Each structure stands twice: as C-alpha cells, then as structure tokens.
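Q: Residue numbers (my numbering), protein chains in the order written: chain G, 1 to 238; chain C, 1 to 340.
Rather than coming from a laboratory, the hints here were simulated on the basis of the structure. For clarity, every value in this text was computed on a predicted model and none was experimentally measured. Accuracy of the hints is not assured; some may be wrong.
[Claimed, not checked] What follows is a list of derived Cβ distance ranges for each label pair:
hint, chain 1, residue 1, chain 2, residue 2, range
1, G, ARG223, C, PRO306, 55 to 63 Å
2, C, TYR132, G, ALA123, 41 to 49 Å
3, C, PRO306, G, GLU119, 36 to 44 Å
4, C, LEU120, G, GLU224, 39 to 47 Å
5, C, LEU22, G, ALA116, 48 to 56 Å
6, C, VAL275, G, GLY66, 53 to 61 Å
7, C, ALA112, G, GLY113, 40 to 48 Å
[Unchecked claim] Not the full set, but computed from the structure, chain C residues with beta-carbon under 8 Å of chain G:
hint, residue
8, ALA197
9, GLU202
10, VAL271
Yeah, the Cβ is synthetic: ideal placement off N, Cα and C, and Gly gets one too.
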Amino acid sequence: MSGPILEVRDLRVDYGGIKALRGISLEVPEGEVVALIGANGAGKTTTLRAISKMLRPVTGTIRFRGEDVTRLASHQLVARGMAHGPEGRGIFLNLTVSENLRLGAYLRRDLAGIQADAEKAYALFPILAERRSQVSGTLSGGEQQMLAVARALMSRPRLLLLDEPSLGLAPQVVERIFAVLRDVSATGVSLLLVEQNAHKALQLAHRGYVLETGQIVMTGTGRELLASPEVRKAYLGE
Amino acid sequence: MAPLRQLLRSFLPFLVGVPVLLSAQWAMEYSGSQAYTLLLVTVGVNVILAVSLNVVNGATGQFSLGHAGFMAVGAYTAAKITLGLAGFKLSFLPAAVSDQLFFALALAAAMAAAGLAGVLVGLPSLRLRGDYLAIVTLGFGEIIRSVIENMKSLGQATGLSGLPLRTNLVWVGVSALATVVMARRLSVSTQGRALFAIREDEVAAEAMGVDTTGYKVRAFVISAAYAGLGGALIAHAILLATPRMFTFVRSIEVVVMIVLGGLGSITGSVVSAVVLTLGLEALREFQAYRMVVYAALLIVLMLLRPQGIFGTHELWDLPFFKRRGARKDAGGAARAGGAP
Ligand SMILES: Nc1ncnc2c1ncn2[C@@H]1O[C@H](COP(=O)(O)OP(=O)(O)OP(=O)(O)O)[C@@H](O)[C@H]1O
Ligand SMILES: [Mg+2]
Chain G
1 MSGPILEVRD LRVDYGGIKA LRGISLEVPE GEVVALIGAN GAGKTTTLRA ISKMLRPVTG
61 TIRFRGEDVT RLASHQLVAR GMAHGPEGRG IFLNLTVSEN LRLGAYLRRD LAGIQADAEK
121 AYALFPILAE RRSQVSGTLS GGEQQMLAVA RALMSRPRLL LLDEPSLGLA PQVVERIFAV
181 LRDVSATGVS LLLVEQNAHK ALQLAHRGYV LETGQIVMTG TGRELLASPE VRKAYLGE
Chain C
1 MAPLRQLLRS FLPFLVGVPV LLSAQWAMEY SGSQAYTLLL VTVGVNVILA VSLNVVNGAT
61 GQFSLGHAGF MAVGAYTAAK ITLGLAGFKL SFLPAAVSDQ LFFALALAAA MAAAGLAGVL
121 VGLPSLRLRG DYLAIVTLGF GEIIRSVIEN MKSLGQATGL SGLPLRTNLV WVGVSALATV
181 VMARRLSVST QGRALFAIRE DEVAAEAMGV DTTGYKVRAF VISAAYAGLG GALIAHAILL
241 ATPRMFTFVR SIEVVVMIVL GGLGSITGSV VSAVVLTLGL EALREFQAYR MVVYAALLIV
301 LMLLRPQGIF GTHELWDLPF FKRRGARKDA GGAARAGGAP
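Here chain G stands alone, though its shape is the one from the complex:
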C-alpha cells in the first residue's frame, strides 16, 4: 500500500472572517521530509494547527495513515501517531525538563521504553541532560526549542509536525536541530516542517510546498525549489 502518511485536501480556515487558508492540499509521503515555506502570515502555522486540530477547519479532509481523521480531536491524533511541536514551543514552563519529557510520553505505558527514549533525547541534546531537573521556564530560548523537539519525539510519533524549530537560534544550534531532524527522519519518522530558514529546510526536505496568503503557489522536490528563481528571490533573499 504505502500511500502518503498524511493527505490534506482543500483545507480552509477562517479566523472570524479573515480567510487564513483558502483551500490547500498537500501530501506527506511515508518516511519523507516535507517542508512548508512562505512569508510571515502566509498561513503556515495555521496549516499545522488545522492538521493537528488545534483549531477547527471550515472545510477540508485530512487522512492520516489511511484513515479519515477529519473529525478527530487532537488527543486522538496523538494516539494515532501524530506529534505537533507548536510555534512558540508550547512546553510546560513550570515543569522541569524531565517532567516535560515524561508528559511527552503521556499516552505510552511502557515505562522502560519511556526511560530509554528520555535517555536518547538527552544524548541528542546533551545540554538538556545537564538541565534535566531545572524548571523549563528558566531554560534559554534555544534550550526550550530543543526541549520542544525532544518532547515531541517522546510520543514515538509516525509523523512529526514542527513549527519553526530553528526560530531565533544561534547558527550552531540550528545545525544541531537540523542534524537531529535528519537522524529522526532516518529512523523512518515522517516530517512536516515549517521553516523560515527556507534554505536549510529545503536542503533537508524531499519535497516542499510554497504557501502565499493562504494558498499553495508552488510545489516540487526540495532540490527543484532550491533551484527555482522565484523561490530564490522571495525566500532565499537572492
């Protein structure tokens, strides 16, 4: 079978009259990395939030792992293997790093596996290991971002939605995050990645979509988009 793990058709979202998404369709093939790029306010965050049901779309269908999940709630999607690392991190600021990781595995019951995955997360981001009993609100912005990615992985997702994981990070940390994403993808996890850093995102991505004022205006392989003059002009600042 091996159809796409995520299939979005004609998704529309209104914010009280403002049409944020005007009917977008996209696919994430099983095991691939898909990048969603676009200017500020194009609707990237809205797209991810609509997919993970953090908000309710006006119309559209969403199929996840072959199942129509249009009517399901967020927590049901998590149970089916979708994880969302939201914009602005969305970690539990009053809780420690390790508590955040534990809650990331909220639906899992295999204590040994959870422990092992937490150790894996600490290995990916050694700074988090040093800070494991620190309240996460006191972490630096970059550390919080790493925690958000690490926590999203704790549910052992089949599909990971990430909203600007490199936002506001120092270049080395951005490298670190993208290296981790590459590793994660290599383990077979599919990724839908929203990024301002179009260059890095398209380098990693198998496929990319360009979003403009709530519509998809271009799609292609990561390489094609990187080479496209329009993309280079609009998003790579050339």
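For this one, chain G is given, so just place chain C with the ligands on it according to the hints.
A: Frame of chain G, contents of chain C with the ligands only:
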C-alpha cells in the same frame, strides 16, 4: 498486588474513621449537646464542599463559581425523597435502620442529580478554554435559585421545611472521608497526571494526547456530585432547604476556603475549611460581616502568600512531616507552588 494495596489504602480511612465517628455520635447524643453536633456537621460539610471544589478549581485550574447551585440540586432532591418516604417503613427492619436506608438512597439520588446537573453545565462550557466556566457556573447558581423560588412543589422562597433529622456525625464523617479519598485518588492516578497537565497548560496538554475536555468534564461532574451530597447533608441537619441557603455568597465562601488553603492542596482545603468554619462560629456576633472578613482575608493572603497557605503542597510535604525523604515523581501532584 498494587490494585489490592490501593483498595486497602482507600478503605483504611474508613476502617479507622467509622468507629471513631460512631463513638463521637454516641457521645453527642448521650450528652445531648445539639449545638456542637450541628457545628461539627457544618465543619464536615464544609470540608466536603471545599475538597470537592478543589478538584475543579485546584486540580484542573478551571474556575467554578457554582458550588452552591449543585448543593441546592442535591439538597432539594434528597429532601423530596425523605419527605416523600416519611410515612413509609420497611416492615422487616427496625424503624431507625429503615430510615437510614432511605436516607442513603436520598443521598445517592442527590449525588446523581447534582452530577447530572454537572454534565449539563460542564459539557458545553468546558469545551471552551478560559473563563467561560466561571461565567456559566455563576449563571447556573442564580438560575437554580430562581427556578426553586418559582416552583410551587419546591416551596418557592420559603423552601421545604420539616425535613426529618437524618444527618449525623457518621454520615458527615464518612462523606468527608470519601471526598478526601476521591480527591486523593484522582490526584495520584493517571487522571491526576492529566489534570495536572491541564492545569499547567491546556493547549500543551492536548498536544501531549490528553483528552482535555473529557478530563475536565469528569472532574467537574464528580465535584458537582459531592457538592450535591454536601447540600443534602446540611439540609437534613438543619431540617430545612431554602433558596437562601444556596446563594452566590455560599459559593464564594467555598472559593475563599480553597484559595486560602491553597488551590490544588487537599489537606490545605481540609484545614482551611475547618479553621474558617470554627473561626466564623467563634466570631458569631460578626456574622453579618462575614463577607467583609472574607474579603479582608483574601486581600491579606494575596499580599503575603498568593499561592495560598499550603500552595499545592499537602500536609505531609511540609518539612516537619518530611522524614521519608523527597517523594517527588514526575507529573505527580506534589510540586513546588511558587508564586507565579
Ligand atoms: N487567532 C487568530 N485570529 C485572527 N487572525 C489570525 C489568528 N491566527 C493567525 N491569524 C492570521 O492568519 C494569517 C496566517 O497566520 P499564520 O500564523 O498561519 O502565519 P504563518 O505563516 O505561520 O506566519 P509566521 O511565519 O509569521 O509564523 C495571518 O494573517 C494572521 O494574522
Ligand atoms: Mg507561524
């Protein structure tokens, strides 16, 4: 093994409590001091109300202002049943036992009715985040009151009087214990972890796979049911159910108790319910000023210790009790409750 131990842990308080309560009740009857019995009943009912409200306002971080409304539903449901069954006896049982059986039925019905009201109020309002619950529960309390005031069968403004005396220290004590055990079980179970995540950050909790609406509604319904129990008990202690017993002020009283004790702390609620009830009794002449006292208490508290006296800690988390070392599990109920 673990479930059996849990079961035992839940029953232990009753094994110890019931004999103590029975002897207390007997002592009270023997010495004939009804005033003290009523005071103790009031203390117990306030413990039930505070601990149950804390399940919503403390454990899930929602804000309900309608506890008095659920008390009213419970009180009137139970009153209708005990009044309706007043002439009946189960002939094969001693009269007193038969009465108590009927009362048990009335209490169960009170909880069911209040719980049902909780579903009706909670389901629509808990789907939304934020302050909707406060507004809806506030409205609910007032609606219940005006419904009662306009219903002939509920005695309108004069209420239902001549209820049989059924509430005793055993009923109140057992109910209070049950409330505490329920709240405790809820806070240490997986549900507790979910509620805790909801309190910390609802959006993040949902993203972790927590069924936030489901858990909030469940906690709210349980809380409402126990409020109904409290209402039924107090009505059958003062032998009266009137709309004036269940005003907005009553809801606020309970809110003050849990805010004082510390939102999220079960023992904090218990201590603060006991202290406030006894304190107000001691200041009897100033009853008229109780709202002033409450307001002053809250202001002082907000200035000195905004997280409440216990914060989210339990009694046994305090240094004095802490001999067993740190028992701090991830996502557990015990957490440092520093000022936000
Ligand atoms: N809650 C909201 N209420 C009203 N309008 C909103 C809301 N959230 C987003 N919008 C609007 O919808 C449009 C799309 O927003 P969205 O957050 O999806 O953009 P984005 O592509 O993620 O932008 P950025 O790159 O800046 O994060 C914007 O015009 C924004 O102003
Ligand atoms: Mg965005």
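Q: All the hints need checking, so say for each whether the structure fits it.
A: Now for the hints, and whether the structure bears them out:
Range check, ARG223(G) to PRO306(C): about 56 Å between beta-carbon atoms, so the 55 to 63 Å window is met. Hint check: TYR132(C) to ALA123(G), Cβ distance near 43 Å, so the stated range 41 to 49 Å holds. For PRO306(C) and GLU119(G), the Cβ-Cβ distance of about 38 Å falls inside the hinted range of 36 to 44 Å, so the restraint holds. A C-beta distance of roughly 56 Å is found between LEU120(C) and GLU224(G), which places it outside the suggested range of 39 to 47 Å.
Between LEU22(C) and ALA116(G) the C-beta distance comes to about 52 Å, which sits within the given range of 48 to 56 Å. Here the CB-CB span from VAL275(C) to GLY66(G) is close to 59 Å, well matched to the stated 53 to 61 Å. Range check, ALA112(C) to GLY113(G): about 41 Å between beta-carbon atoms, so the 40 to 48 Å window is met. At its closest, the beta carbon of ALA197(C) sits 6 Å from a beta carbon of chain G; the interface hint therefore holds under the 8 Å criterion.
Checking GLU202(C) against chain G by beta carbon gives a least distance of about 11 Å; that is not within 8 Å, so the hint is violated. For VAL271(C), the shortest C-beta to C-beta distance to chain G is roughly 24 Å, which exceeds 8 Å, and the interface hint is violated.
Of the numbered hints listed earlier, those contradicted by the structure are 4, 9 and 10.
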